[in-house]
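Visitor: The numbers in our numbering rise by one with no breaks, and the one at position 55 of the sequence shown is 55.
It cannot be assumed that every hint is accurate.
What the hints assert, rightly or not - No more than 25 angstroms apart at the CA atoms, straight line, and that leaves these computed lysine-lysine pairs for DSS-like:
| # | residue 1 | residue 2 |
| --- | --- | --- |
| 1 | K26 | K39 |
| 2 | K43 | K55 |
| 3 | K43 | K26 |
Source of the hints: derived by calculation from the structure; they are not laboratory data.
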Amino acid sequence: MPQWSGVGDTFVLGCDFDPANIFADKNFYSDNPDSRNPKLQGKYGIYKPNCGLDKLVISFGHDEYLAIVLEGHAKDVAEYEAAAGQVPAKTFPK
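Build the full structure now, drawing on both the sequences and the hints.
Guide: Spelled out as structure tokens, the structure:
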């Protein structure tokens, strides 16, 4: 199964894929070019040990993408609902 056709899993970029990642046991990440880049191999890859979460580059899946889009358009959604005569949906907390 090509990686793009699977679920939107979140994982750290720039280092080995963790065996705990979804479908890792099925070589799900073998089509990802990063899996063949020697600079991105090893436990730490491009990172220094204990660098901190703020230094990691992390992928995000469709769930996170949708949340980001909706958060960015909460006002638009409320205006659309008001124009349509609907009760405004609960907006995301900031």
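Visitor: Determine for every hint whether it applies to the structure shown.
Guide: Status of the hints after comparison with the structure:
1. K26 <-> K39: 23 angstroms, holds
2. K43 <-> K55: Distance of about 15 angstroms is within 25 angstroms: holds.
3. K43 <-> K26: Roughly 20 angstroms between the alpha carbons, so the hint for K43 and K26 holds.
Of the numbered hints stated above, none is contradicted by the structure.
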